[in-house]
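Asks: For chain X, the structure is supplied; the task is to place chain E with the ligands on it using the hints.
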Amino acid sequence: MRLINHIPGRPGAVILAALPFVALVVAYTVASDLRLEANPQDKLLPAPGTILETAQRLFTEPDKRSKEILLWNDTLASLARLLGGVGISALLSLVLGLAIGLMPYARSALSSFIAVLSMVPPLALLPILFIMFGLGEVSKVVLIVIGITPFMTRDLAQRVMEIPKEQIVKAQTLGASSSVIALRVALPQILPRLISNVRLSLGSAWLFLIAAEAVASNVGLGYRIFLVRRYLAMDVILTYVIWITLLAFIIDWLLKTLSRRSFPWMEAGL
Amino acid sequence: MSFVSVRNVWQRYGDRSILERVNVSVDEGEFISIVGASGCGKSTFLRMLLAEERPFKGEISIDGGETAVEPNRERGVVFQRYSVFPHLTVRNNLIAGESFANPLGRLRGVARKEAADRADRMLERIGLNHVADQYPAALSGGMQQRLAIGQAMTAKPRILLLDEPFGALDPGTRVQMHDFLMELRVETNMTVFMVTHDLQEGFKLGDRVLVFDKPRWDPQDPGLFGATITYDFDASNDGVPFQDILDQYPSLAAG
Ligand SMILES: Nc1ncnc2c1ncn2[C@@H]1O[C@H](COP(=O)(O)OP(=O)(O)OP(=O)(O)O)[C@@H](O)[C@H]1O
Ligand SMILES: [Mg+2]
Chain X
25 MRLINHIPGR PGAVILAALP FVALVVAYTV ASDLRLEANP QDKLLPAPGT ILETAQRLFT
85 EPDKRSKEIL LWNDTLASLA RLLGGVGISA LLSLVLGLAI GLMPYARSAL SSFIAVLSMV
145 PPLALLPILF IMFGLGEVSK VVLIVIGITP FMTRDLAQRV MEIPKEQIVK AQTLGASSSV
205 IALRVALPQI LPRLISNVRL SLGSAWLFLI AAEAVASNVG LGYRIFLVRR YLAMDVILTY
265 VIWITLLAFI IDWLLKTLSR RSFPWMEAGL
Chain E
1312 MSFVSVRNVW QRYGDRSILE RVNVSVDEGE FISIVGASGC GKSTFLRMLL AEERPFKGEI
1372 SIDGGETAVE PNRERGVVFQ RYSVFPHLTV RNNLIAGESF ANPLGRLRGV ARKEAADRAD
1432 RMLERIGLNH VADQYPAALS GGMQQRLAIG QAMTAKPRIL LLDEPFGALD PGTRVQMHDF
1492 LMELRVETNM TVFMVTHDLQ EGFKLGDRVL VFDKPRWDPQ DPGLFGATIT YDFDASNDGV
1552 PFQDILDQYP SLAAG
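Protein chains in written order, with the numbering used here: chain X, 25 to 294; chain E, 1312 to 1566.
Simulated from the structure, these hints should not be mistaken for lab results. Since the structure is predicted, the reported quantities are computational estimates derived from the model, not experimental observations. Each hint should be verified, as a subset may be incorrect.
Between beta-carbon pairs, the in silico distance windows are [stated by the list, open to error]:
#, chain 1, residue 1, chain 2, residue 2, range
1, X, Leu207, E, Arg1365, 19 to 29 Å
2, E, Gly1452, X, Ala238, 49 to 59 Å
3, E, Gly1452, X, Ala42, 36 to 46 Å
4, E, Trp1528, X, Leu27, 37 to 47 Å
5, E, His1489, X, Ser202, 35 to 45 Å
6, E, Asp1431, X, Ser136, 45 to 55 Å
7, X, Leu207, E, Gly1483, 31 to 41 Å
8, E, Arg1318, X, Leu149, 45 to 55 Å
Listed next, the stretches of chain E that the computed footprint assigns to chain X, with coverage defined by at least 3 CB atoms under 8 Å from CB atoms of chain X [stated by the list, open to error]:
#, stretch
9, 1383-1392
10, 1409-1421
Don't be surprised by glycine CBs; every beta carbon is placed ideally from N, CA and C.
Isolated chain X, as found in the complex (with noise of 0.2 Å):
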């Protein structure tokens, strides 16, 4: 048979599933153990032990000096950039696809500036948007949105424009204005595709987050990994660096859902 007809069955596609994460939990228990063997006051491959301690120590104790929590606070300060940019974003795109996709004139005057634009290079700017917002919230917010807000703005318009000739007709037949057939027409049938375009997004919008925040900023999650980099921290970073991972898959898998809840019409059909 050929390989491409080969299909797992249900447990064994748990197997192979899981198999990945085991084979990296192992990999890296084996190398730390040879470093920590070799040299016990290693801090480059922290035991996975050392780092649920660390991890225990980040998530309950409280800061010292501040008598808060750090790690939540981090959280809180990055999911909050995070989500705003990536809001104004999807707001923006959700607009601008829909006058692009839908009005010849805004078509004419928009698509070409916005693929130039969707060309730049975000990380390029960082400088600039420190020097034009300052170092605080603005900066990390508006790179976040000039990064992604091209990309999603395009594929919006696109799939604006791919919504059959016919049903635009017959929405006008129907007595549909400009606005009613944006509203009623094409807005509901690309929220799905701008759900998926935030999923998408989210990767690049952590990489810009994190960025600015190394760059410059007092709190957040990218601040306090490139922060403990100094101090060789390793296993603060891994918890970190854990920790996002978890938030970007909660995120991912709300989205997910919410999406498939809310458009029941797209699977109407399978």
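Replies: Relative to the frame of chain X, chain E with the ligands by itself:
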């Protein structure tokens, strides 16, 4: 004065002529079938009746009005596919026929309730009440086209334009749709233009059958001349002429 009048209409894309010198007058309540070779411009003609595009030259008026510049509620349409909204339930697709004309595209309170009642009566009429809360993707092709026709009728257009509405259906479903359309026509006396590739269908449903073809042909430059209406058949009585001649002229029977 005829109800729909098409006077000396030409259409061209770039330097390609598609239609030329199209003239036709249609009375209110007439069912016009349109046939012709693939690519000869039948859909183009329908798009101009729909005002989705404007003629290069000439006038198209409904009930003496001006040539329209964009689609409006006077002209209902059903295409071969994609004529209903996939994100609305079957009932809401019908309600859209009333609500889309509002500023926000919605109906509220009593108005919404009444529109829903009318939609339910239409659903009964088109035989879709059992799937009222489903989405179009779950419907068969014939049911989707019935919904599309029902939706177009909900907006109460002056003329109904059908572009190969049954082209994607199997023969059995097609015959059912013919019966459905004929009943609906008797009830509403709607003026209908229907493009079809099925001559038999055209003669069965239509009062007249218009044939589009190129009367002039330049072998060097096929795009030089456009198509026009080359035949305008009387298709009442299922296209068999003189069927009712004895009713019209009883004296003939005596001889
Ligand atoms: N927007 C357009 N721009 C350029 N050419 C077009 C356009 N629309 C249609 N045409 C051309 O005009 C000609 C007539 O097209 P039309 O769709 O009206 O044919 P039709 O008679 O409906 O054919 P079919 O039976 O295949 O549906 C075709 O050759 C087509 O390629
Ligand atoms: Mg056609």
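Asks: Against this structure, judge whether each hint is valid.
Replies: Now for the hints, and whether the structure bears them out:
At about 27 Å, the CB distance of Leu207 (chain X) to Arg1365 (chain E) agrees with the hint of 19 to 29 Å. Look at Gly1452 (chain E) against Ala238 (chain X): about 57 Å separates their beta carbons, and that is inside 49 to 59 Å. With their beta carbons about 45 Å apart, Gly1452 (chain E) and Ala42 (chain X) fall inside the hinted range of 36 to 46 Å. One distance hint, 37 to 47 Å for the beta-carbon pair Trp1528 (chain E) and Leu27 (chain X), is violated here, with the actual separation near 57 Å.
Checked against the hint of 35 to 45 Å, the pair His1489 (chain E) and Ser202 (chain X) passes, with Cβ atoms roughly 37 Å apart. Between Asp1431 (chain E) and Ser136 (chain X) the beta carbons are some 49 Å apart, a value that agrees with the proposed interval 45 to 55 Å. In this structure the supplied range 31 to 41 Å holds for Leu207 (chain X) paired with Gly1483 (chain E), their Cβ-Cβ distance being about 40 Å. Checking the proposed 45 to 55 Å range against Arg1318 (chain E) and Leu149 (chain X) shows it is violated: the Cβ atoms sit about 60 Å from each other.
Against chain X, the stretch 1383-1392 of chain E contributes 7 residues with a C-beta closer than 8 Å to a partner C-beta. That satisfies the three-residue criterion, and the hint holds. Under the rule that three or more residues need a Cβ within less than 8 Å of chain X, the assignment of the stretch 1409-1421 of chain E holds, with 7 such residues.
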